[in-house]
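*Asks:* If you want the building blocks of each chain, they are given just below.
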Amino acid sequence: MFKNKKSFFQRIAIFLAILGPGIITGSVDNDAGGITTYSVAGAVYGYNLIWTLIPSFIVLVVIQEMNARMGIVTGKGLADLIRENAGVKITFFIFVGLLIADIGNTTTEFAGVAGSMEVFGVSKYISVPIIGVLIWFLVVKGTYKIAERIFLLFSISLLMYVVSALMGKPHWSEIGHSIIHPQLEVNTQSLAMIIGIIGTTIAPWMQFYMQSSVIEKGLDMKQYKYSLIDIVVGCIATVVVAFFIIVACASTLHENGIQINEAKDAALALKPLAGELASQVFAFGLFIASIFSATILPLATAFYVCEAFGFEAGIDKKWDEAREFYILYTGILILSAAIILLPNAPLILISLWSQVINGLLLPIVLICMILLVNNKKIMGEYVNKPINNIIGWSAIIVLIGLSLTLLVLPLFS
Amino acid sequence: MFVFLLLYKKKEVHVTTITTFYLSRVVGIKAYDSNGKYIGVVKDLLVESDSSNFTSGHPAVTGIKIKRNKQLAFYSFQQFQVEKNNGKIKIIASQLTNLSEEHINNDLSLIESVLDRQIIDLNGRKLVRVNDVRLVSLANGTFAVAVDIGIEGLLRRIGIAKPIKFGLSVIGSNIPSKFILWEDLEAIDFSNLNIKLSKTYKKLQTLHPSDLADIIEDLGRKASAEVFSALDEEQAADVLEELEVETQIHIIKSLPIEKAADVLDKMPADEVADIFDALGDEKVELLLNEMEKDTSQEVRELLDYQGHEVGSIMSTEVMSFDENATIEEVLSILRAQKPETESLYNLFVTNEKDVLIATFSLRDLVVSESEIKISQIMKPSPVRLHDDQEIDEIAEFISKYNMLAIPVVDQNEVLQGMVVIDDVIDDLMNKRRMNK
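Protein sequences appear in the order of chains A and B.
Here the numbering used here is used: the first residue of the first sequence is 1, the next is one more, and so on.
Here the numbering used here is used: the first residue of the second sequence is 1, the next is one more, and so on.
FYI, nobody ran anything at the bench for these hints, they're computed from the structure.
All of these numbers come straight from a predicted model, not from anything done at the bench.
Check the hints yourself; a few may be wrong.
Unchecked claim - Here are the simulated lysine-lysine pairs, PhoX-like style, with alpha carbons at most 20 Å apart: (1) 30/B with 88/B; (2) 178/B with 165/B; (3) 30/B with 90/B; (4) 222/A with 253/B; (5) 222/B with 222/A; (6) 283/B with 293/B; (7) 162/B with 222/A; (8) 217/A with 253/B; (9) 70/B with 88/B; (10) 67/B with 37/B; (11) 259/B with 222/B; (12) 253/B with 266/B; (13) 376/A with 222/B; (14) 293/B with 377/A; (15) 165/B with 89/A; (16) 37/B with 90/B; (17) 222/A with 385/A; (18) 43/B with 377/A; (19) 162/B with 89/A; (20) 222/B with 126/B; (21) 141/A with 377/A; (22) 202/B with 318/A; (23) 178/B with 126/B; (24) 338/B with 283/B; (25) 169/A with 89/A; (26) 225/A with 385/A; (27) 202/B with 222/B; (28) 162/B with 88/B; (29) 353/B with 89/A; (30) 379/B with 353/B; (31) 126/B with 317/A; (32) 217/A with 222/B.
Produce the complete structure using the sequences and hints provided.
*Replies:* Here is the structure:
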């Protein structure tokens with residue numbers, strides 16, 4: 001008697017309801033900071049850094065799978081778990097770092113908004129305040145869920161980078177060759193670039209975001225395989241978009257020897273080389289990605305900080321109930337937007353430093369995660385399999401190794 | 001908090017030493033015996049977990065976990081003394097007695113189950129995170145009196161409370177401190193599975209089911225199931241009704257089938273049907289077989305309705321009477337059956353074939369003389385819904401006729417149940433949330 005109660009469309013709806021955390025996380029991943037890093041990597045090193053996307057993809061899948069599993073099994077956020085198991089001091093260090101890095105990241109998102117709108121001839125003194133206020137209202141007035149879906153739809157526009165790349169007529173054989181035999185001189189700049197690419201693809205705050213979204217969906221272990229599909233699809237989307245951004249910039253800017261500092265420069269530089277449309281497509285993609293991330297980042301950050309320190313949090317709470325949460329959220333948003341509006345703001349320095357902090361935080365967050373996910377008291381029978389641990393620990397060791405080399409290398413040259 | 005400490009001081013004037021201290025200040029320090037010989041490092045304190053055993057309204061510290069040369073040992077706290085000299089805390093043992101297994105298994109570990117964990121603040125009716133635990137040492141023992149949930153506790157743990165406090169005192173300000181007294185809190189996150197849970201959650205019975213439901217939603221998977229299974233059936237049913245669908249399913253799945261069926265038996269059939277709609281088919285069949293016959297029958301009937309039909313959200317608990325019954329007879333039936341408030345929103349008159357012929361209100365019932373017949377106060381040809389009507393049409397009915405509950409009939413006008421305004425609002429809210 002219960003058969004056929006759920007129609008075909010309902011089943012699709014259930015499937016779509018489960019899908020999401022991975023895909024949204026994947027989309028937020030290609031934010032203004034990401035697009036900038038990929039563009040610069042393409043412009044400076046051509047196709048020679050594309051190979052970094054392959055290990056990044058593997059590590060990304062492994063890490064997000066761990067987050068999803070932890071979320072499903074415990075029903076607790078990563079911030080909760082870290083606080084309960086690592087104690088106050090480590091938690092404090094991680095979240096102060098996360099807060100500073102995320103203010104920096106949000107600033108980068110607003111830089112993306114400002115830059116992309118300037119391509120369309122809109123001054124940043126108009127675009128940034130309007131978008132800032134819009135985002136604040138969107139979240140606080142409780143239409144965040146709609147916004148998330150609209151953004152997700154818009155993030156399909158990130159695939160426009162494919163168009164942008166194809167317009168630049170890339171040399172496919174050369175791309176293939178560079179992936180297998182990259183020609184790269186090892187020095188401070190190239191190492192920083194590699195860390196930058198990995199750091200922007202696997203940002204620390206994303207692990208927290210991923211785990212909370214899984215919990216919000218209320219999944220259980222039976223739906224784990226859908227969750228896995230969701231993660232893999234999200235990670236593929238991330239890497240494909242990154243690939244085409246690098247290709248777009250490599251096949252045009254790099255071949256003509258044009259150097260850039262910002263994603264906006266890439267959009268502008270594409271104009272004479274690949275046409276007006278390619279340039280505008282690039283800028284539009286940047287615009288959407290920036291707003292999407294500028295909406296999620298401050299919200300997510302405020303949420304995790306409150307979760308870790310035991311303040312009430314959530315947009316369903318009133319201002320008086322969750323004062324710390326709203327102050328944090330509004331503060332991050334205002335501060336980030338204000339920095340962009342400062343004349344001569346040191347944007348490159350800000351984005352560089354937020355990436356350095358990200359790079360320092362990432363191994364610490366990952367170590368916490370791997371210890372948590374191997375803890376039988378927390379995970380029961382769902383602790384890591386050896387393969388997860390091998391990939392996870394290798395990633396941590398490589399990341400720490402890269403960061404240390406970056407620090408030490410200038411001493412020898 | 002401070003009032004309490006003052007009271008303590010007044011009551012115990014004969015006591016020479018009253019030492020108040022924080023858990024974070026004793027964990028990790030070295031413990032010595034009375035000759036000044038090193039015993040080991042303090043790792044944890046155990047307190048009584050069953051509030052009915054508390055002698056002074058607060059749990060006494062029963063045991064101490066000490067680590068020496070990588071060896072962990074539990075000792076009884078009775079022979080231990082806490083001393084404070086110039087702000088420095090010292091733990092001194094007059095004698096070392098091993099703690100009994102019973103205490104190790106049943107007592108509450110302050111480090112593992114309280115510190116940094118979420119606890120329920122019974123006054124604030126919400127979850128809070130514990131930054132520190134405040135203890136007091138008296139002649140008759142050491143007690144946990146309150147937990148620190150404020151910023152000061154956080155800074156103390158990081159080790160920067162004193163300099164910041166000093167800095168703020170210069171400008172005449174202070175760090176806000178926030179405490180919850182032990183009697184107003186309930187620990188929930190037990191790593192020690194041997195604790196008898198039902199005993200420890202006794203205080204939760206004072207909370208309103210809606211508040212308890214909100215708290216359970218915010219708990220992790222393990223803790224939410226544990227807290228729920230410690231509730232008695234009546235309360236469990238009330239709480240389950242208030243939970244979001246995802247949590248309802250998680251809870252039902254985590255309970256043993258018999259226990260789940262017992263709880264569901266206590267719930268209105270329409271709510272049970274809603275949960276079953278979202279639950280897997282096999283589990284539903286198992287639960288229906290385990291439930292009491294008449295309840296499961298009602299639920300089965302409701303499950304046959306499509307999700308968009310009125311029948312799927314109607315309540316089947318309705319009161320119907322014969323038109324020849326007197327007011328006194330009806331009242332005595334109500335007194336005997338003691339129906340839920342909801343069932344009294346609207347009262348019905350049916351004929352021998354259960355066909356709905358009229359309605360009357362509780363107001364008309366209580367203001368009428370006891371020998372009058374129902375037929376004299378009833379309102380014939382009532383507004384009614386058909387069970388296969390669309391749910392979307394109900395809101396219009398309710399607002400148009402200003403009714404709290406509308407009767408539902410089938411094609412033959414036989415009374416099936418009624419739609420209560422609460423259910424319609426729930427349905428509308430769900431739709432709004434979906435659109436958000």
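*Asks:* Hint by hint, say whether it matches the structure.
*Replies:* Going through the hints against the structure:
1. Annotation: proposed proximity of residue 30/B to residue 88/B holds, straight-line Cα distance about 12 Å (limit 20 Å).
2. The straight-line distance between the Cα atoms of residue 178/B and residue 165/B is roughly 15 Å, inside the 20 Å bound, and the hint therefore holds.
3. Distance restraint check for residue 30/B and residue 90/B: the Cα-Cα separation of roughly 8 Å lies within the 20 Å cut-off, and the hinted pair is therefore satisfied.
4. The suggested pairing of residue 222/A with residue 253/B holds, with an alpha-carbon distance near 12 Å, which does not exceed 20 Å.
5. Between residue 222/B and residue 222/A the alpha-carbon distance is near 17 Å, which keeps this suggested pair within the 20 Å criterion.
6. Taken as a hint, the residue 283/B and residue 293/B pair is honoured in the structure, with Cα atoms around 17 Å apart against an allowance of 20 Å.
7. As the CA atoms of residue 162/B and residue 222/A are separated by approximately 50 Å, the hinted pair breaks the 20 Å bound.
8. Between residue 217/A and residue 253/B, the direct Cα distance comes to roughly 16 Å. Compliance with the 20 Å bound is thereby established for this hinted pair.
9. For the hint pairing residue 70/B with residue 88/B, the CA-to-CA distance comes to about 25 Å; that exceeds 20 Å, so the pair is violated.
10. A distance of roughly 15 Å separates the Cα atoms of residue 67/B and residue 37/B; the hinted pair therefore holds under the 20 Å criterion.
11. Only pairs whose Cα atoms come within 20 Å are accepted, and residue 259/B paired with residue 222/B is accepted, the gap being roughly 17 Å.
12. Distance check on the hinted pair: residue 253/B and residue 266/B sit about 17 Å apart at the alpha-carbon level, within 20 Å; holds.
13. Between residue 376/A and residue 222/B, the direct Cα distance comes to roughly 13 Å. Compliance with the 20 Å bound is thereby established for this hinted pair.
14. The suggested pairing of residue 293/B with residue 377/A is violated, with an alpha-carbon distance near 40 Å, which exceeds 20 Å.
15. Simply put, residue 165/B and residue 89/A have alpha-carbon atoms about 19 Å apart, close enough for the 20 Å limit, and the pair holds.
16. Under the criterion of a C-alpha separation no larger than 20 Å, the hint pairing residue 37/B with residue 90/B is consistent with the structure, at around 13 Å.
17. Annotation: proposed proximity of residue 222/A to residue 385/A holds, straight-line Cα distance about 18 Å (limit 20 Å).
18. At most 20 Å may separate the alpha-carbon atoms for a hinted pair to count; residue 43/B and residue 377/A meet this at roughly 19 Å.
19. For the hint pairing residue 162/B with residue 89/A, the CA-to-CA distance comes to about 16 Å; that is within 20 Å, so the pair holds.
20. Restraint check for residue 222/B and residue 126/B: satisfied, since their Cα atoms lie roughly 18 Å apart, inside the 20 Å limit.
21. Simply put, residue 141/A and residue 377/A have alpha-carbon atoms about 40 Å apart, too far for the 20 Å limit, and the pair is violated.
22. A C-alpha spacing of about 30 Å is found between residue 202/B and residue 318/A, which places the hinted pair above 20 Å, so the restraint is violated.
23. Simply put, residue 178/B and residue 126/B have alpha-carbon atoms about 15 Å apart, close enough for the 20 Å limit, and the pair holds.
24. Simply put, residue 338/B and residue 283/B have alpha-carbon atoms about 32 Å apart, too far for the 20 Å limit, and the pair is violated.
25. The straight-line distance between the Cα atoms of residue 169/A and residue 89/A is roughly 52 Å, outside the 20 Å bound, and the hint therefore fails.
26. This hinted pair checks out: residue 225/A and residue 385/A have alpha carbons roughly 16 Å apart, not beyond 20 Å.
27. Using a Cα cut-off of 20 Å, the hinted pair residue 202/B and residue 222/B holds, with the two alpha carbons roughly 19 Å apart.
28. About 14 Å separates the Cα atoms of residue 162/B and residue 88/B, which keeps this hinted pair within 20 Å; it holds.
29. Our distance criterion of 20 Å between C-alpha atoms is broken by residue 353/B and residue 89/A, whose separation comes to about 73 Å.
30. Of the supplied pair hints, the one linking residue 379/B and residue 353/B holds, its CA atoms being roughly 19 Å apart against a limit of 20 Å.
31. For the hint linking residue 126/B to residue 317/A, the alpha-carbon distance of about 12 Å falls within 20 Å, and the restraint holds.
32. Taking the CA atoms of residue 217/A and residue 222/B, the gap is near 17 Å; set against the 20 Å cutoff, the hint holds.
Hint check: violations occur at hints 7, 9, 14, 21, 22, 24, 25, 29; the rest are consistent with the structure.
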